[in-house]
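> As they're listed, the protein sequences go chains A and B. Mapping the first sequence onto the working numbering, position 194 (from 1) lands on 563, and the numbers just tick up by one. Mapping the second sequence onto the working numbering, position 200 (from 1) lands on 569, and the numbers just tick up by one.
Calculated directly from the structure, the hints in this document are not laboratory data. Careful: at least some of the hints might be erroneous.
Repeated chains share a single entry, so a pair holds when one copy, or any two copies, can fit it.
Okay, derived cross-link-like pairs now, BS3-like style, lysine-lysine, Cα gap no bigger than 27 Å in a straight line [claimed, not checked]:
1. K562 - K580
2. K528 - K380
3. K380 - K562
4. K580 - K423
5. K580 - K528
6. K528 - K423
7. K423 - K562
Number of protein chains: 2
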Amino acid sequence: MNSAATIPGVKLYVWNLAPNPRRVTMFLAEKGLSMEMIEVGQPDLTLAAWYREKYPHALVPMLELADGTCIGEAMAICRYIEDLYPEPRLFGADPRERALVGMWESIAYSEGLIAVAEVFRNTHPAFAGRGVPGTSQAVPQIPQLAERGRARSELFFRKLDGQLTANAFIAGANFSVADITAFCTIDFARTGKIGIPEDCGNLRRWYGDIKQRPCAAVR
Amino acid sequence: MNSAATIPGVKLYVWNLAPNPRRVTMFLAEKGLSMEMIEVGQPDLTLAAWYREKYPHALVPMLELADGTCIGEAMAICRYIEDLYPEPRLFGADPRERALVGMWESIAYSEGLIAVAEVFRNTHPAFAGRGVPGTSQAVPQIPQLAERGRARSELFFRKLDGQLTANAFIAGANFSVADITAFCTIDFARTGKIGIPEDCGNLRRWYGDIKQRPCAAVR
Numbered sequence: 370m371n372s373a374a375t376i377p378g379v380k381l382y383v384w385n386l387a388p389n390p391r392r393v394t395m396f397l398a399e400k401g402l403s404m405e406m407i408e409v410g411q412p413d414l415t416l417a418a419w420y421r422e423k424y425p426h427a428l429v430p431m432l433e434l435a436d437g438t439c440i441g442e443a444m445a446i447c448r449y450i451e452d453l454y455p456e457p458r459l460f461g462a463d464p465r466e467r468a469l470v471g472m473w474e475s476i477a478y479s480e481g482l483i484a485v486a487e488v489f490r491n492t493h494p495a496f497a498g499r500g501v502p503g504t505s506q507a508v509p510q511i512p513q514l515a516e517r518g519r520a521r522s523e524l525f526f527r528k529l530d531g532q533l534t535a536n537a538f539i540a541g542a543n544f545s546v547a548d549i550t551a552f553c554t555i556d557f558a559r560t561g562k563i564g565i566p567e568d569c570g571n572l573r574r575w576y577g578d579i580k581q582r583p584c585a586a587v588r
Numbered sequence: 370m371n372s373a374a375t376i377p378g379v380k381l382y383v384w385n386l387a388p389n390p391r392r393v394t395m396f397l398a399e400k401g402l403s404m405e406m407i408e409v410g411q412p413d414l415t416l417a418a419w420y421r422e423k424y425p426h427a428l429v430p431m432l433e434l435a436d437g438t439c440i441g442e443a444m445a446i447c448r449y450i451e452d453l454y455p456e457p458r459l460f461g462a463d464p465r466e467r468a469l470v471g472m473w474e475s476i477a478y479s480e481g482l483i484a485v486a487e488v489f490r491n492t493h494p495a496f497a498g499r500g501v502p503g504t505s506q507a508v509p510q511i512p513q514l515a516e517r518g519r520a521r522s523e524l525f526f527r528k529l530d531g532q533l534t535a536n537a538f539i540a541g542a543n544f545s546v547a548d549i550t551a552f553c554t555i556d557f558a559r560t561g562k563i564g565i566p567e568d569c570g571n572l573r574r575w576y577g578d579i580k581q582r583p584c585a586a587v588r
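Let the sequences and hints guide you as you build the complete structure.
In structure tokens:
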């Protein structure tokens, strides 16, 4: 994406390995935009201490505006970008489409990404004692929650497969931010060895389609 | 709210006891709007069978448009209403304010409402075997998750208290949908006997302020 237009004066704090920053970097790439990015993940899979001090929510991604305002939460950042750079529309083009995109993006987050993250956080050895992000308090991993997350992930994949029976994309006829959250979830699930079920042909077709978009190559 | 303007042709499916439908009904009340509402909760704390068949996501709230389109997820519904009836602005008035509202609404949901719901779902006897909403599969309750949710709820209350040190409302100077999600979360927490910590004076002041708004009386 060498031709991407750079947004001046803002900084995006990311963690290359994490799914939430990727929701924003894919979004930017699909818009043909770029901005200064600062990697805050450490080799030991913690966030840099200076970053946790700067942004006590201690989560990624975070967008720092020119006036110093810190905007957290992936969808708040994406909506801010859509506000300033509306085309191509990734949150839908009219009220009904925006409602369907918002609905499916929310489902992808609540039923997909959270479930997959529960598996990751509650099994990965580097996150022992860090079962919840964004806090420095010790939070033990819960093996039952990882198991439940695995079962929920499969329910989510099957829900997407059903939705894609009659739709090219997750929220309907057009590519949207709902596809971005779903795609980041599925790629993240692979780190927990959770794959798309063999019999989910619609979801496999869709995954192959998204994988071919230039934005899918961006980390 | 007898003077509320009725939106014709749409139906809102709600469950009087649940926090997510209340995010929408408070939002409507604050806008001075109303619409046809259909209660789908049953005395045994399940969703009516006809509703689960009509809307297989089996979650509330759901907004049915005049053309039969079903819009789920509380914030997708609220944004649809804001799209059609922009004033008063409850998602922020300019890109920066919208970003802060989106950020804090997302924090209130992910760190507050989900944590409180984890306590409720994993302890209430009526939800034994139903640890996750929206599925008919048996999902055992996880006592450790309830305990963790209780600890997370307190972290969330303290985060809000800090944010309210210098702000009248959760996302800044103006009442917004972030206040609605936070308020519904705190009221829902009371069902799990989780109260605002004694020393959170800012949060207690804010809660008292919101409680006096007419929208807070709406279930």
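> Are the hints correct? Go through all of them and say.
Comparing the hints with the structure gives:
For the identical chains of this complex, K562 and K580 are intra-copy neighbours only, at 18 Å inside a copy versus 47 Å across copies, given an alpha-carbon limit of 27 Å. In this assembly of identical chains, the alpha carbons of K528 and K380 lie at most 27 Å apart only when taken from different copies (24 Å versus 36 Å within one copy). Taking the shortest alpha-carbon separations for K380 and K562, neither the intra-copy value of 33 Å nor the inter-copy value of 42 Å comes in at or below 27 Å. Proximity of K580 and K423 under a CA criterion of 27 Å is satisfied in neither setting, with 35 Å inside one chain copy and 33 Å between copies.
Taking the shortest Cα distances, K580 and K528 sit within 27 Å of each other inside one copy (20 Å), while across copies they are farther apart (38 Å). Taking the shortest Cα distances, K528 and K423 sit within 27 Å of each other only across copies (15 Å), while inside one copy they are farther apart (39 Å). For the homomeric pair K423 and K562, neither the shortest alpha-carbon distance inside one copy (34 Å) nor that between copies (34 Å) is at most 27 Å.
The structure shown violates the earlier hints numbered 3, 4 and 7.
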